[in-house]
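Residue numbers (our numbering), protein chains in the order written: chain A, 1 to 267; chain B, 1 to 428.
Calculated from the structure, these hints are not laboratory results. Backbone N, C-alpha and C define an ideal beta-carbon position, used for all residues, glycine too. Some hints here could point you the wrong way.
Taking lysine-lysine and the PhoX-like style, the derived pairs with C-alpha atoms no more than 25 Å apart in a straight line are [unchecked claim]:
no.	chain 1	residue 1	chain 2	residue 2
1	B	K57	A	K134
2	B	K409	A	K134
3	B	K390	B	K229
Selected chain B positions facing chain A (in silico; Cβ < 10 Å) [said to hold, decoys possible]:
no.	residue
4	V345
5	D356
6	K358
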Amino acid sequence: MTVPSTVSANRLTSHRAIVWPRLRSAGLAACAFCVGIGFLTAGIPANLTTASARTADAERGRALYDQCKRCHQVGSGARHRIGPQLNDLFGRPAGSLDDYRYSRAMRAAGSGGLVWTETALDAFLQDPAGVVPKSRMSFGGLAERDDRADLLAWLRGFSGDRSGLPPAEPTFTPEEFGIDPRVLEIRGDPEYGAYLAGECTTCHHATGTDQGIPSISGWPADDFVIAMHAYKLGKRVHPVMQLVAGRLSDEEIAALAAHFFSTDDEP
Amino acid sequence: MNQINKNPGLSRRSFLVTTAMATSALSAPSVLAENRPRVVVVGGGAGGATVARYVAKDSGGAVDVTLVEPTRAYYSCFFSNLFIGGFRDYASIGHSYGDLAANHGINVVHDWAVSVDRDGRSVGLAGGGSLAYDRLVLSPGIDFRSGSVPGWDLSAQNRMPHAYKAGSQTQLLRAQIEAMPEGGVYCMVAPPNPFRCPPGPYERISMVAHVLKQTNPTAKILIVDPKEKFSKQGLFEDGWQRHYSGMIERIGPDFGGDSVEVRPEAMEVVIDGEVTKVDVCNVIPAQQAGRIAAIAEITNDAGWAPVVPHTMQSRADENIHVLGDASQQGDMPKSGFSANSQAKVCAMAVRGALTDSKVFPARFSNTCWSLIGTDDGVKVGASYEATDEKIAKTDGFISQTGESAEVRKATYEESIGWYEAISADMFS
Ligand SMILES: Cc1cc2nc3c(=O)[nH]c(=O)nc-3n(C[C@H](O)[C@H](O)[C@H](O)COP(=O)(O)OP(=O)(O)OC[C@H]3O[C@@H](n4cnc5c(N)ncnc54)[C@H](O)[C@@H]3O)c2cc1C
Ligand code: HEC
Ligand code: HEC
Chain A
1 MTVPSTVSAN RLTSHRAIVW PRLRSAGLAA CAFCVGIGFL TAGIPANLTT
51 ASARTADAER GRALYDQCKR CHQVGSGARH RIGPQLNDLF GRPAGSLDDY
101 RYSRAMRAAG SGGLVWTETA LDAFLQDPAG VVPKSRMSFG GLAERDDRAD
151 LLAWLRGFSG DRSGLPPAEP TFTPEEFGID PRVLEIRGDP EYGAYLAGEC
201 TTCHHATGTD QGIPSISGWP ADDFVIAMHA YKLGKRVHPV MQLVAGRLSD
251 EEIAALAAHF FSTDDEP
Chain B
1 MNQINKNPGL SRRSFLVTTA MATSALSAPS VLAENRPRVV VVGGGAGGAT
51 VARYVAKDSG GAVDVTLVEP TRAYYSCFFS NLFIGGFRDY ASIGHSYGDL
101 AANHGINVVH DWAVSVDRDG RSVGLAGGGS LAYDRLVLSP GIDFRSGSVP
151 GWDLSAQNRM PHAYKAGSQT QLLRAQIEAM PEGGVYCMVA PPNPFRCPPG
201 PYERISMVAH VLKQTNPTAK ILIVDPKEKF SKQGLFEDGW QRHYSGMIER
251 IGPDFGGDSV EVRPEAMEVV IDGEVTKVDV CNVIPAQQAG RIAAIAEITN
301 DAGWAPVVPH TMQSRADENI HVLGDASQQG DMPKSGFSAN SQAKVCAMAV
351 RGALTDSKVF PARFSNTCWS LIGTDDGVKV GASYEATDEK IAKTDGFISQ
401 TGESAEVRKA TYEESIGWYE AISADMFS
């Protein structure tokens, strides 16, 4: 992965921040967004990246949002995916949408008074695990203040007036990874999935918290199936997960998807 | 999808099950408890805690599970090297049994199992009394083979610790390393194959070097090794060169590593007749299945308990299953990950035999991470399947030398996630 040295040096300032750009994104076949960010950040004059009194650049924020896209939808018709939809985010209490299954930690943060203001979001995006420990959002964080400001400027456009929003973009599609879309039609046996999941919970914490290995609990089946086939086909590169997915049949992946969709916070 | 259906024979066990099922709809839980099939698990470590938890959890209370374990807190060997290296505190590798009892209704009995009546199907306890079982699961870990290192026996473990069962031994070894004189010598007598955690001794060497490099940089590390080769050798040697150049010397069998004697009183190590004075001597003797397996008379000449890969049943007794380090199963390394993996297959087989739950094909996996230095983690892993003869490796991977610092750091972070997850998978 080619990331300009300035970017990686800055990322070193946050312990968690290093988690994201490394393997998780490097593991994605095209690594479209890490190169994209590198390119964009590199293109910004030094005085701009360091100055605090700059105007946030929503267009740039839109590109940064690529990092959130695999888990979240925003825009007209946005639905909950791995993460909740992000329309009308500004001003809403954390973990407050009725029809999304948040982690216990996120719900507790919301009932404890965390509201998604600009400041709160800035802190959360800098260090998600620091602001909401044991949340299920497996994302290392954005170390650069300007990146966060630009991303939030763009996201703000989806709060308030709901007319004329651009349509929500899909999270992963099977085509991106050359996966036969018919695998999404297979209905898995959750009981078989529960047995097979025994292998996964040795590494993926059963409560879905991310403490070095990402959460896979509560994922929509489609996203789950696509992620697993991407590893199986070697389109996502990670030695452990390629080994794990490599021996699973299409039916077994569907069974696991059915199981993990139904797993919630607590044992 | 393949499904092996359990044999619906009319054994006493299935009779018990039927009764339990029939009463469950009608009568009070206390009556039910009397009639539930009974599983006794000996050993509350990686294999035993997992199997107890999965049988209890997945049967939803239909099986009565008792876990026999003498200690009140389990200190894991996995990550105990990181405690020695100063990367973990002691409390973080300790686990109590309270959640297993509270969350899953497991009866935890703090005692030693001292006898097994295979015909009468009961286990005798050191504190007196016995526990009847329909299925017995043994996961007692390892014991040391006496006489494997001349001059060393268990009475010498305070002068020359093994630290190969975690707990006070681990603390002792760390304290001895901290107390080494400036420029002193730490010596490890490494074990012959097969032993628990193939990369364990060499991860330990890395952690000892990490500590000494900071606190006692002129100290020396000596490995006396009876083995030609060892796990992840290329990765460790590369790492030692990069982090601890000049500190570590390994004496393999060609130079007498297979002919060693120790003198605990004098703190001497005699290698191929030559006497060396050392300051810390970490003796990791040859190993065999935990004693209770031999007492149950299910071990072979090498001291391990052969098992049927599909179910982890003892080859000598179908009512006994053996897990983890004590079992002789085939290609899987003796690791906590392996024991946990085997336990899930075993739990499924036990439930299938005692209740009418579905039984799926056995499959196993293992990954072992090792920490070589700060943020320098490596891993090796494989997947396995059950054949009639053994648990057979199907595929695998290993970290490469020359990986970027980012990859190594990510690998270390994964291992932290793994430790949290597997601990919860055993004890929560
Ligand atoms: C230094 C070191 C580092 C390691 N690192 C790793 C690692 O990174 N990853 C990994 O996967 N594995 C690692 N291991 C290996 C791992 O610790 C073992 O393979 C694992 O603990 C085996 O599980 P087990 O259930 O067979 O035995 P154990 O976990 O040892 O459990 C056995 C339990 O049985 C109890 N017991 C014994 N006899 C009786 C009896 N008669 N009655 C009642 N109870 C009894 C004991 O008290 C003990 O609690 C490491 C080991 C060492 C020594
Ligand atoms: C790997 C998947 C993933 C990625 C990538 C991700 N998120 Fe999330 N996000 C989640 C999940 C899952 C939750 C719910 C967390 C919980 O319940 O603990 C969440 C929650 C949130 C919340 C709280 C929403 C609420 O309703 O309380 C915000 C805000 C958020 N994410 C923003 C972002 C932004 C902005 C990005 C990109 C910089 C991003 N996320 C990247 C998975 C992800
Ligand atoms: C040995 C540890 C280990 C085991 C066992 C394991 N995983 Fe993973 N898994 C990982 C790691 C590490 C990652 C992060 C990989 C990456 O960066 O691409 C991961 C990533 C994933 C992801 C993608 C997560 C994301 O945020 O995009 C999914 C889905 C997944 N695993 C599912 C599974 C399933 C299902 C199983 C069991 C059949 C399983 N894993 C078993 C370690 C493991």
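Grab the minimum C-beta distance from V345 of chain B to chain A and call the hint holds if it beats 10 Å, violated otherwise.
holds (8 Å)
Within 25 Å, alpha carbon to alpha carbon, are K390 of chain B and K229 of chain B?
holds (24 Å)
Given the hint that K409 of chain B pairs with K134 of chain A, test it: the Cα-Cα distance must not exceed 25 Å.
Holds. K409 of chain B to K134 of chain A sits at ~21 Å (cutoff 25 Å).
Measuring from the C-beta of D356 of chain B to each C-beta in chain A, is the shortest one below 10 Å?
violated (13 Å)
Decide if the proposed pair is consistent with the structure: K57 of chain B and K134 of chain A, CA atoms, cutoff 25 Å inclusive.
Status holds; Cα separation ~23 Å.
Restraint satisfaction for K358 of chain B [CB to CB of chain A, less than 10 Å]:
holds (6 Å)
When held up to the earlier numbered hints, the structure conflicts with hint 5 and nothing else.
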